[in-house]
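Student: One-letter residues, chain by chain:
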Amino acid sequence: VNLSDLLHDTVDDLEPEDRLDAIRTRTTSAAHRARPWWWAAGGVVAATAATVVLVAALGAGPDPDPTAGSGHEGHDGPTEVTGDHWTLLPTYYLGDTPGGQRLFREFVPVQTDDPLQAALDRIQEAPEDPDYSTPWESGTFVDVSVVDSVIEVETASAQPLRMTALELEQVAYSLAATLGSDLPVRFVHDGEPTAAGELGPVAWKNFLSPVNISDPAELTAYSGSMIARGRAATTTGRVPWELADESGTVVRSGSAPLDGGPSRDHLRAWETTVDLSGLSVGTYLFTVRVDDSATGHPSADTRRISVS
Amino acid sequence: VRPTSVTTVTDRPPPPASPGGSRWSADEALEQLYAAHWRRLVRLSVLLVHDLGTAEEVVQDAFVAVHGHWGRLRDPERALAYLRQAVVNRSRSTLRHRAVVDRHAARRTTAEDEPGADAAALVTDRRAAVLDALRDLPERQREVLALRYYLDLSEAEISGALGISRGAVKSHASRGAAALRARLGSLMEDDL
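Going down the list, the protein sequences come from chains A and B. Numbering follows this note's numbering, with no gaps: position 94 of the first sequence is 94. Each position in the second sequence, counted from 1, maps to that position plus 308 in this note's numbering.
Take these hints with a grain of salt, some might be off.
[Stated by the list, open to error] Listed next, the stretches of chain A that the computed footprint assigns to chain B, with coverage defined by at least 3 CB atoms under 8 Å from CB atoms of chain B:
hint, region
1, 7 to 16
2, 138 to 148
3, 178 to 191
[Stated by the list, open to error] Reference excerpt, derived from the structure (chain A facing chain B, CB under 10 Å, subset only):
hint, residue
4, R19
5, L20
6, A22
7, R24
8, D121
9, R122
10, S133
11, T235
These are computed hints drawn from the structure, not numbers from a lab. Glycine is no exception: its CB is placed at the ideal position from the N, C-alpha and C atoms.
Using the sequences and the hints given, assemble the complete structure.
Tutor: As C-alpha cells, then:
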C-alpha cells in the first residue's frame, strides 16, 4: 500500500455536509442583506475584531508608536505565550469607522521561531472575522529582514505597490509592533524599491482606530466575570462600555478609566472587570466607544463573547 | 457577519479585464468551484485538522473568501490555487488556535479535541490511526504529504501553495513519509 492509497482510503468515504446554501448566504451582497443583530446594537457602526484566542489572560501587547504611550507594561515585543515558541503576534487589519477605514489590532497566536516572518505571512491571510480585511494577497511579500535598522520587505514582483498609505502602514505597524520597535519599513525587490521611501508606524491619528479592544477575543467563553482591556484616546479620560444580549438589551454598562487620565494625543491603556454573574447562557456583544475621540469622530470596537 | 471582501479603495486602479473576455461572475464561479471541489477539499482538510466538522467549517470559510477575492482572481485555475492555499492556511490556524486553547485553557478543553468524539468523523480504527499519525507530524510535513499524496500536486505547486522552496518540499515529504511509514508500517502492509 502506498501513501497515496493510504490517504485516499482514510478520507474518501467521508461525505461532507452540503454547505452551498450556507456559503451563498454569507456571500450575498451586503447591500441586500439584513444586518446581523450586533451591527445595530448601540446604534454605532462598529468594526468587530477578528478571532483571537486566549488573549484574555494576557496584556494588551506592544505599542509600536513611541508617541502613543505604553500599550501595556512589560511588553516590548510580541508576547510569548509559553516557553515553547508560541507567540501572540500583534497584527493590524483594516476595519471601518465612521471616519473611514482605520487599522485595528488583533493578537494572533502562532508557533514560530521567526515572529517577523510569521507576522508578514499572517497579514497576507484573510482575518477570520469577516468584518476585518487585509488587502494583501498571499504571496505578495516573500521575505522580511532587518537591514541597517530598517525592516526590509521583499516583494514577489518588481512592480510598484500601488496601494494606499493606510494599506502600507498596515504592514509597517504590524512588523514594527512584532519587533516592539518603531523601525521604518522599506519595500524592495532585488534591492530596488517597490514603494516610495520608508514608512514608519507614525501619525497614529491618521491610521489607527482611536479605540481598540485587546481582550476579550472574539467569541471567547466566560463565566463569572471578564477582564476587558484595550487602548483608546479620549479627552474624557474614560471609555464607556456596554454589554448587550442578543435582543440588543443592555445588561451591563460602565466606563473604564484611561490609564494616565484624559489623552488627546496618545493611545493609552484601559481595563475593566465586567461582572457576568446572573446572566443567562448565551452570546453577548461587548462594545466600547469613544465619542470625542482625538481624531474628531466617534469610534467603536466590539467583541462577541459567550457566557457559559 | 458581512462577507469577506477585498477592501474597496478608491485610489487603486481597477483590476485588469480578463484576457479571454470570459467574465464569470463571482456567484457563478463559486457554484462551479463548489461543485467541482467541495468534497475533495473538505477531505483534504480532514487530513490536516483531524475531524470532519472542523474541516467543513474551514473549507466553507475558504469558499466565502474565494468569492470575496474573485475580483482579483477571475480565473478558475488561480481560484483553485487560492482555494487550496486558503484551506491549508485556515486548517493550520485552526490547529494553532486549538493547540493554544488546549494548552492554556484546560478548563475550556472539550471533547471535540479527542479522537473519536465527532461521531460523523472517525468511524474506523484504521482511519483514526492514520489521522492520529498525521496529527502528530510537524505541520509542514503533514501539509506537504496531504498536498502531494492526496491532491497529487507537483513539487512546484506545493512550493507555491505553502510558500516554501522546492528543496524544503522535498525534505518535508521524505521526512514525513518516513515518519508515517515507521508509525503505520503494520497498517500499510495490511490489505487495505
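Student: All hints, please: hold or fail.
Tutor: How the hints compare with the structure:
1. 7 to 16: holds (count 9)
2. 138 to 148: Since 3 is at least three, the answer is holds.
3. 178 to 191: Violated, because only 0 residues of the region 178 to 191 of chain A bring their Cβ atoms closer than 8 Å to Cβ atoms of chain B.
4. R19: 5 Å, holds
5. L20: Cβ of L20 of chain A sits 5 Å from chain B, so the hint holds.
6. A22: 6 Å, holds
7. R24: Hint holds; R24 of chain A Cβ to chain B Cβ min 8 Å, cut 10 Å.
8. D121: 7 Å, holds
9. R122: At 9 Å from the nearest chain B Cβ, R122 of chain A passes the 10 Å test, so the hint holds.
10. S133: Result: holds, 5 Å to nearest chain B Cβ.
11. T235: At 30 Å from the nearest chain B Cβ, T235 of chain A fails the 10 Å test, so the hint is violated.
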